[in-house]
Structure formats: structure tokens, C-alpha cells
Amino acid sequence: ETGVTQSPTHLIKTRGQQVTLRCSSQSGHNTVSWYQQALGQGPQFIFQYYREEENGRGNFPPRFSGLQFPNYSSELNVNALELDDSALYLCASSYRQGVTEAFFGQGTRLTVV
Amino acid sequence: TQLLEQSPQFLSIQEGENLTVYCNSSSVFSSLQWYRQEPGEGPVLLVTVVTGGEVKKLKRLTFQFGDARKDSSLHITAAQPGDTGLYLCAGARSNFGNEKLTFGTGTRLTIIP
Chain F
4 ETGVTQSPTH LIKTRGQQVT LRCSSQSGHN TVSWYQQALG QGPQFIFQYY REEENGRGNF
64 PPRFSGLQFP NYSSELNVNA LELDDSALYL CASSYRQGVT EAFFGQGTRL TVV
Chain A
22 TQLLEQSPQF LSIQEGENLT VYCNSSSVFS SLQWYRQEPG EGPVLLVTVV TGGEVKKLKR
82 LTFQFGDARK DSSLHITAAQ PGDTGLYLCA GARSNFGNEK LTFGTGTRLT IIP
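Chains as they are written, first to last, in the numbering used here: chain F, 4 to 116; chain A, 22 to 134.
Hints in this document: simulated from the structure, not taken from any laboratory. All residues carry an ideal CB built from backbone N, CA and C; glycine is no exception. Errors might be hidden in some of the hints.
Just so you have them, the derived chain A footprint on chain F, three or more residues with Cβ under 8 angstroms [unchecked claim]:
| hint | segment |
| --- | --- |
| 1 | 68–76 |
| 2 | 104–116 |
Example chain A residues on the side facing chain F (calculated, C-beta under 7 angstroms, incomplete) [claimed, not checked]:
| hint | residue |
| --- | --- |
| 3 | 62 |
| 4 | 79 |
| 5 | 126 |
| 6 | 127 |
Below, a list of computed lysine to aspartate or glutamate pairs in the EDC-like style, where the Cα atoms sit at most 20 angstroms apart [unchecked claim]:
| hint | chain 1 | residue 1 | chain 2 | residue 2 |
| --- | --- | --- | --- | --- |
| 7 | A | 121 | F | 104 |
| 8 | A | 80 | A | 26 |
| 9 | A | 78 | A | 88 |
| 10 | A | 77 | F | 57 |
| 11 | A | 78 | A | 38 |
| 12 | A | 121 | F | 56 |
| 13 | A | 77 | A | 88 |
| 14 | A | 121 | F | 85 |
| 15 | A | 91 | A | 26 |
| 16 | A | 121 | F | 57 |
| 17 | A | 78 | A | 92 |
| 18 | A | 78 | F | 88 |
| 19 | A | 77 | A | 92 |
| 20 | A | 121 | F | 55 |
| 21 | A | 121 | A | 104 |
| 22 | A | 78 | A | 62 |
Model the full assembly from the supplied sequences, consistent with the hints where possible.
Given below as C-alpha cells:
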């Protein structure tokens, strides 16, 4: 167990709706990254937060947004959901110093219908 | 754009056999990591390799980083059913840690008892 927890574990939304996914990072970690993993694919980097500020973004549209809180927990928000947004959303926490490992949560399975 | 190609994509072998999974790229990475992912769960870190030519062993698993830091391999000796899972390689470009990991396409391994 990594100590990274995500909620909810499963979610079904309708196209056009908005969704918020949550991540509690491992104790001592100040960096949170979000990834989208479509079925049968490797995870794709969405963005990263370091000390409450966005620190890099992948090739995702602006309707994907995020927040990091003072306790280093994080949220991923997706507006105007599309069918292709259906995926496993993974949160990973790490401590930004040297070569460090990322510890992943169990993910949130989002289904858009 | 998937910068890391893994092969084979699927592999099904008998218990006790040996196997090798490859992770190739045209890009140089500062470090490369291997993860194993079970269905419905997040990836779990197996190893991080940093130096070109580096070899790391984890029980029956042997990981090697290419001399040019563009490719890597995972060799499993005497495979067991517990080795079944999705194996992902991931490269990091930053020297500050594993931010912005670029994941490979994955190798789905099935060990038949």
C-alpha cells in the first residue's frame, strides 16, 4: 500500500457534466501528478502540482483543471465531459528532490455515458 | 505521442519459463522506471535505473538500462503465476525526480500454471 488514496473509486457521469476527483498524497510528499489511463494504454500525463502551483502540463485541453491544497492533497476537475474521457484516472505523489519514485493511488474509474 | 515502445504487447507463457520484455525509445531519459499494474489498481513501482548500462536485480527480475539511456529490458527467470500483470516502463526527463513520466504502451503478461 502506497499511502496515496483516491476518491471515489468508481464514477458514472453523463456527457456534458462536470466531475471532481480527489487525491490524498503520501505523508511527506509535496508533489502530485495526475495521469489518464485509457483502456489498454499506458498512463498519459495530465499535469502536476508542486507546492500548490501547476508545474507542467501534458497535452490535455483547458477543461481539465486542478488544484493542490496546503496539505498537498489535490483535485482534478473535468468540465463538459466527453465520452472519450472515460478512463482510469491516477494520482501519483512524490517528493521533489533528486531521483524519487512516484507512488500511485488505486485510481478512479470514470465512465461517461 | 507515445515515445516509449514496449514489446511484446502481450505475452503468455508457462510457469517456469524465462521471458524478456523490452522498452525502446529514440529519446534519452535521465531515469527509467518499471511498474507492475494489477487490474483495477494503480501501478506499483518495481525499480528505478539511472545510469547507462546499469543492471538491477529484484529476486527473479533483472532490469537493465541501455548504455545510451534510451532503452531498457526486464528479464524474468522461472516465471510464476504471481508475475501476471501489466508491466509498464516509464521515462523521466527531469533531474529533479520523476515528474512528467512518459509511460510505455505496456506489456500484458500472463503466466499459465
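Verification of the supplied hints:
no., hint, in the structure
1, 68–76, "violated (count 0)"
2, 104–116, "holds (count 8)"
3, 62, "holds, 5 angstroms"
4, 79, "violated, 13 angstroms"
5, 126, "holds, 5 angstroms"
6, 127, "holds, 5 angstroms"
7, 121(A) - 104(F), "holds, 12 angstroms"
8, 80(A) - 26(A), "violated, 25 angstroms"
9, 78(A) - 88(A), "holds, 17 angstroms"
10, 77(A) - 57(F), "violated, 34 angstroms"
11, 78(A) - 38(A), "holds, 18 angstroms"
12, 121(A) - 56(F), "holds, 15 angstroms"
13, 77(A) - 88(A), "holds, 14 angstroms"
14, 121(A) - 85(F), "violated, 24 angstroms"
15, 91(A) - 26(A), "holds, 11 angstroms"
16, 121(A) - 57(F), "holds, 12 angstroms"
17, 78(A) - 92(A), "holds, 17 angstroms"
18, 78(A) - 88(F), "violated, 38 angstroms"
19, 77(A) - 92(A), "holds, 14 angstroms"
20, 121(A) - 55(F), "holds, 17 angstroms"
21, 121(A) - 104(A), "violated, 27 angstroms"
22, 78(A) - 62(A), "violated, 24 angstroms"
The earlier numbered hints that this structure contradicts are 1, 4, 8, 10, 14, 18, 21 and 22.
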